[in-house]
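Put the complex together from the two separate chains, hints included.
Chains as they are written, first to last, in our numbering: chain A, 21 to 464; chain B, 718 to 966.
There's no promise every hint is true.
[Claimed, not checked] Over the 10 Å line for every Cβ pair with chain B, so calculated as not near, a few chain A residues:
no. : residue
1   : Arg82
2   : His95
3   : Asn108
4   : Arg218
5   : Met270
6   : Asp286
7   : Lys315
8   : Lys327
9   : Glu342
10  : Gly344
11  : Gln356
12  : Lys360
13  : Tyr362
14  : Trp372
15  : Asn425
16  : Pro453
[Claimed, not checked] Capping the alpha-carbon separation at 25 Å, the derived lysine-lysine pairs in BS3-like fashion look like this:
no. : chain 1 : residue 1 : chain 2 : residue 2
17  : B       : Lys821    : B       : Lys763
18  : A       : Lys360    : B       : Lys849
19  : A       : Lys377    : B       : Lys721
20  : A       : Lys127    : A       : Lys164
21  : B       : Lys892    : B       : Lys838
22  : A       : Lys347    : B       : Lys892
23  : B       : Lys892    : A       : Lys360
24  : A       : Lys174    : A       : Lys457
25  : A       : Lys347    : B       : Lys721
26  : A       : Lys462    : A       : Lys182
27  : A       : Lys164    : A       : Lys424
28  : B       : Lys849    : B       : Lys838
29  : A       : Lys305    : A       : Lys315
30  : A       : Lys422    : A       : Lys448
31  : B       : Lys821    : B       : Lys733
32  : B       : Lys733    : A       : Lys360
33  : A       : Lys448    : A       : Lys462
34  : A       : Lys327    : A       : Lys305
[Unchecked claim] Computed spacing ranges between beta-carbons, pair by pair:
no. : chain 1 : residue 1 : chain 2 : residue 2 : range
35  : B       : Arg921    : A       : Glu351    : 26 to 34 Å
36  : B       : Lys721    : A       : Glu342    : 19 to 27 Å
37  : B       : Leu809    : A       : Glu351    : 37 to 45 Å
Think of the hints as simulated: they come from the structure by calculation, not from any bench.
Owing to the predicted nature of the structure, the values given are computational and were not obtained by experimental measurement.
All C-beta atoms, glycine included, are put in the ideal place defined by N, C-alpha and C.
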Amino acid sequence: MSKKTPKQVDTSLRQFIKDLGYISGGAALLTTIPWLQSFTPDKVREIKNEKARIGFIGTGSRGQYNLHAVMAIPHAEIVALCDIYPPNLKEASAICPNAKTYTDYRKMLESPDIDGVIISTPLYLHAPMTLDALSAGKHVYCEKAMALNMEQCKAVYDAYQKTNRVLYFCVQRMFDKKYIKGMQMIHDGVIGNIVGERCYWFRNHDWRRPVPSPELERQINWRLYRDYSAGLMTELASHQLEVCCWAMQMVPESVVGKGDIVYWKDSREVYDSVNLVYHYSNGVKINYESLISNKFNGMEDQILGNKGTMNLATGIYYLENEAGGRKSGIEQLIGQIGNKLYASVPAAGPSWRPETKENYIPHNILEGEFHVNDGLSMIGALKDGSDEILSAFCQACITGEKGKNIVEEAYLATILCHLGNQAMEEQKQITFPEEYKIPYMKFS
Amino acid sequence: MGTKFDILIINQNRLKSQELWCDIVFELRWLDQLFNRFDTTSETSKINKKAALTPVQVNPEMWSVLKNCQMYHIRTLGLFDITLDNFSKVVLNENNHTVSFSKKDISLDFGGYAKGYTLLKIKDIIHQAEVKDCFADFGNSSILGIGHHPYGDAWKVNFENPYNHSIVLDEISLKDMALSVSGNTPSYTGHIVRPDAREPVNGRKAISVMSENPLEAEVLSTVFMIASEAEKKQISENFAIQRIVEYNL
Numbered sequence: 021m022s023k024k025t026p027k028q029v030d031t032s033l034r035q036f037i038k039d040l041g042y043i044s045g046g047a048a049l050l051t052t053i054p055w056l057q058s059f060t061p062d063k064v065r066e067i068k069n070e071k072a073r074i075g076f077i078g079t080g081s082r083g084q085y086n087l088h089a090v091m092a093i094p095h096a097e098i099v100a101l102c103d104i105y106p107p108n109l110k111e112a113s114a115i116c117p118n119a120k121t122y123t124d125y126r127k128m129l130e131s132p133d134i135d136g137v138i139i140s141t142p143l144y145l146h147a148p149m150t151l152d153a154l155s156a157g158k159h160v161y162c163e164k165a166m167a168l169n170m171e172q173c174k175a176v177y178d179a180y181q182k183t184n185r186v187l188y189f190c191v192q193r194m195f196d197k198k199y200i201k202g203m204q205m206i207h208d209g210v211i212g213n214i215v216g217e218r219c220y221w222f223r224n225h226d227w228r229r230p231v232p233s234p235e236l237e238r239q240i241n242w243r244l245y246r247d248y249s250a251g252l253m254t255e256l257a258s259h260q261l262e263v264c265c266w267a268m269q270m271v272p273e274s275v276v277g278k279g280d281i282v283y284w285k286d287s288r289e290v291y292d293s294v295n296l297v298y299h300y301s302n303g304v305k306i307n308y309e310s311l312i313s314n315k316f317n318g319m320e321d322q323i324l325g326n327k328g329t330m331n332l333a334t335g336i337y338y339l340e341n342e343a344g345g346r347k348s349g350i351e352q353l354i355g356q357i358g359n360k361l362y363a364s365v366p367a368a369g370p371s372w373r374p375e376t377k378e379n380y381i382p383h384n385i386l387e388g389e390f391h392v393n394d395g396l397s398m399i400g401a402l403k404d405g406s407d408e409i410l411s412a413f414c415q416a417c418i419t420g421e422k423g424k425n426i427v428e429e430a431y432l433a434t435i436l437c438h439l440g441n442q443a444m445e446e447q448k449q450i451t452f453p454e455e456y457k458i459p460y461m462k463f464s
Numbered sequence: 718m719g720t721k722f723d724i725l726i727i728n729q730n731r732l733k734s735q736e737l738w739c740d741i742v743f744e745l746r747w748l749d750q751l752f753n754r755f756d757t758t759s760e761t762s763k764i765n766k767k768a769a770l771t772p773v774q775v776n777p778e779m780w781s782v783l784k785n786c787q788m789y790h791i792r793t794l795g796l797f798d799i800t801l802d803n804f805s806k807v808v809l810n811e812n813n814h815t816v817s818f819s820k821k822d823i824s825l826d827f828g829g830y831a832k833g834y835t836l837l838k839i840k841d842i843i844h845q846a847e848v849k850d851c852f853a854d855f856g857n858s859s860i861l862g863i864g865h866h867p868y869g870d871a872w873k874v875n876f877e878n879p880y881n882h883s884i885v886l887d888e889i890s891l892k893d894m895a896l897s898v899s900g901n902t903p904s905y906t907g908h909i910v911r912p913d914a915r916e917p918v919n920g921r922k923a924i925s926v927m928s929e930n931p932l933e934a935e936v937l938s939t940v941f942m943i944a945s946e947a948e949k950k951q952i953s954e955n956f957a958i959q960r961i962v963e964y965n966l
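So here's chain B without its partners, still in its complex pose (with noise of 0.2 Å):
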């Protein structure tokens, strides 16, 4: 998925952790095998290349998925968009379980998606092994905290403005939480993109979202950087936000 994953597991031995670690590698394999929109063997490779032509045939989990952003699309007015573009335009067959896009030059990103589903799912596996702290980090923008520090009642996180590193903007507890940061940054600008208007996002801004649910999170990060008032006010009545935070830089 183009990013790196760092997590810290404390109290286990050393066996467990390692299987554990095991198994969220092999999750990540797995998940970077649906949604690596690069590799051309992924799962959303061989949606992009054929759905315009053809109904795909898709395995159970990109089902869900798809049913999934659907959901959030419509919660979220329009703005979550996994085509970057028109996801109307992308047809779900409920009875044969296949996907189609009903106009050319759509294709599937889940840029703004992935990781937040990916940690949900890593959530999981750490809830199933009995792990009661943890810290996982997905690519800075997405991060877990499970139970607290070693020596603190939580996990600090901080959000330094990656315009001038010496400023701090942001100091975030996290307990049981997850948070989710979207934004620009002087390397990288314009990956956000509002899909109506099929424009970028180019001033200096960020967001952060903290929320239990790492996907919500996700979604809604990258929906606050494009969204009005008006619709971010009702958009947050759709959603239960632990905490919401807009940054200028």
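Excised from the complex, chain A in its bound form (with noise of 0.2 Å):
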């Protein structure tokens, strides 16, 4: 957990905005970023003087890594923290120590004085928390994925229809600079187009923490086990599932993946290893890797067009009609001939390798710095929107407008992830369900 300063930490939607329509131009971004047209600086500027009064359930490292993000917060005031673990509990009241600690989120949730909570849990808790935090009237931000299996994403999902309650899933990439720019680029014709896509996670890490003692086990390593998890598809996937259909504006069709237990054989119940290949209507599959025992190829969400290819996490793109890359020492060297020029070429050097793959020219999608998240975290990395997204939630606790496409992003994403596990437990092609279909979602 890196301790952040506030000054150290840009929450500042109005900065945020500001920045989008400097690069996308203004009102015509909002179009197609729906989800951020509450956060126009005129809007901005009426909640100037007001707090949203945020409650805390779950204060574990992802629990913590959102409250200092909050604390950055100038329209939120953290007034509630919650955790059933004591040292949790106890490090969370340590950095804010104003606000009012409990046990039982239940007890939380009664308590008049808070407008919102921020959910930090397992994943299997999501759901439950959620439903009863809305039931409570509390404004909800939950960590994603959305909840442990589809049943529970559509009680979800069906009680937000009903409610007049803010919701909010920590679909931080929608609030990720470099990729709604990298999206608009992709809408606008850049890459042609889409024909693929490809994302993968590696790491080389057990995915474990360390256990005080043996029956915290499942409470501590909860990612590793069915019951509170649904293991690389909704901790790491989602993510990535939700990009992908962002970029297609579709969602796949059905699904076929294997998933083992490669390397981690430590009585562990979630796969360690898994492929899987989503299918859209017109033929276009996202191909999907996570592997967890070696992590040379890092992290990546890669939108492949007939005339580019889009590395959204690292914030690059490339041209097809550039590739080759530089010319080689001898083509530089005719060039210089035809304009009569005399200079040296880069031709000596150690032999010349058979290469497989051609090389291209790299373009940044965004001017200037901007953060890359090397994907190693268990936490979660910095300005990869997880900011944004907490500061437009504290917002939308004030004014009480609901975020647009965020839930049904969030909720088509992890349906996914659990289609993607059920086609791997099951060993068959899973077809998308109607009963778990929204009318958000379009499949042709």
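Structure below.
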């Protein structure tokens, strides 16, 4: 956990929108990213003197990450903290000593002094806690993924249709500048037609945390057990599948896959290696791969077009007509002579080796410096959109304005994760079930 | 030979240039048939397959190449070694031009020789065709500049650090000169082996050698990657070298 001071974190949505306006042309931008419509500089000014009163459910590593981020938000005030694990609650209370502490979240939800709650708990608790909080009249921000299974996802989605409360899930790539700009470029045709999508997340780590006593194993290493977590799919793939659908503006109709425990054979119940193919009705496929016993390939959300390739996670794109990279020494020499120039050419070097891949010229999606997530942290990365989405949620707690597309995107991404797990568990192709389709989804 | 060959011929009419190109390609094909150890029908493969079992008769050019390699082996204090192991186990029979291996697991690898030898022969073909100005690049590591650039008095090449292409390590002017570069790259390390120790050179290091003779440049650039300081001094006395530079990458 990095110790961030408010000064280091730019949580100002105003600045964020301003930056986006510069890179994308203001108002036009907001029609393509409707979830940011409520955050124009004017609207941000309206809430300037107000504060959302926020309660935290779950104050472990991710909860504390969120705690630091919310502390830096001028329009938010942390009033309550809740955790069943005393060491985590104690740590959070040290960070935020004025907040009231609870060990039962239901008790906390009874407090009339809380506008919204931020849920950073293991996956199996997302749905019950979200539903309870909405019933208690609280606005809710919940970590991804949406819920432990498809039934719970649908229950949360249905509850959201009926409530007038705000609901956010941490789909932070929707608030990451390089993703927003990259998506605009994709939708403007910079890489041509999308012909494929490749997402992967590689780590070399057992995904475990130290356990002070054996009975806490499942509570602390909840990611490894099927009753608590849906493994790599919900923890990692959910972000990336959301990105794929955002780029395609469609949802895959079917999935096949293989999942195994290849290396970390330590009585865990979730796969440490997954490979899936999601199929859209037009034939485009998402190739998804995650492996946590080799980190060579890192993490990437790659959109392949017939005219270029967008590497959204690293914020770089490549154009097909620039393949081959820089001209060879002899080509440069011929060019020189054509231009009546005399200069040295970069010809000399250790032996040329045959290449299986052409070199491309990298272009940055955003100008200037931007942050790239190395994908290695179990807690979260800095400046990946998490701060902005939290800020947006806190603003919505004041205005009561629902976030457009956010629940829908979280829902479709989580359902796709569960369909992927089902395909791997049942060893067959799974078609998107009718009962889990929502009007938001387009399949063709 | 698993590499690429580029040549720029200046001041020739198109037909003559095409003829010259055809002659060069013919020579390249012939030499590939001689040296390519990955081609099972090559002369080198024939030797590698059988020489440990029985003496293998070789064609006249391969014979002279093997004698030439033996000579360079001696002149480089044993560091130039086409077996990458122990050249003394290669037995050359003068009477019937046969080669045999007196040790199992010996094989010939012309990786540190073939490009220089080829460029030496191409230099001769160019000379016979009366071409005055020409630039040939054999896989970047063996370069030949004959005459000069149309707008300069030589051919200028630079050497970029393979670990960081924004750094130019050297700029070299070639006028009737050959250049050979040996070294490691991020994707290709450990291919240069000191034969007596049988240990690959893994450091971030490169050597460039400039000489009128492309073959000697090639032999020395590899040898200097593995030689000690004392050996370098002694070997230098056996060769006419124009320029030799070591680089830390």
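(message) Please list, smallest to largest, the hint numbers that this structure does not respect.
(response) 11, 12, 13, 14, 30 and 31
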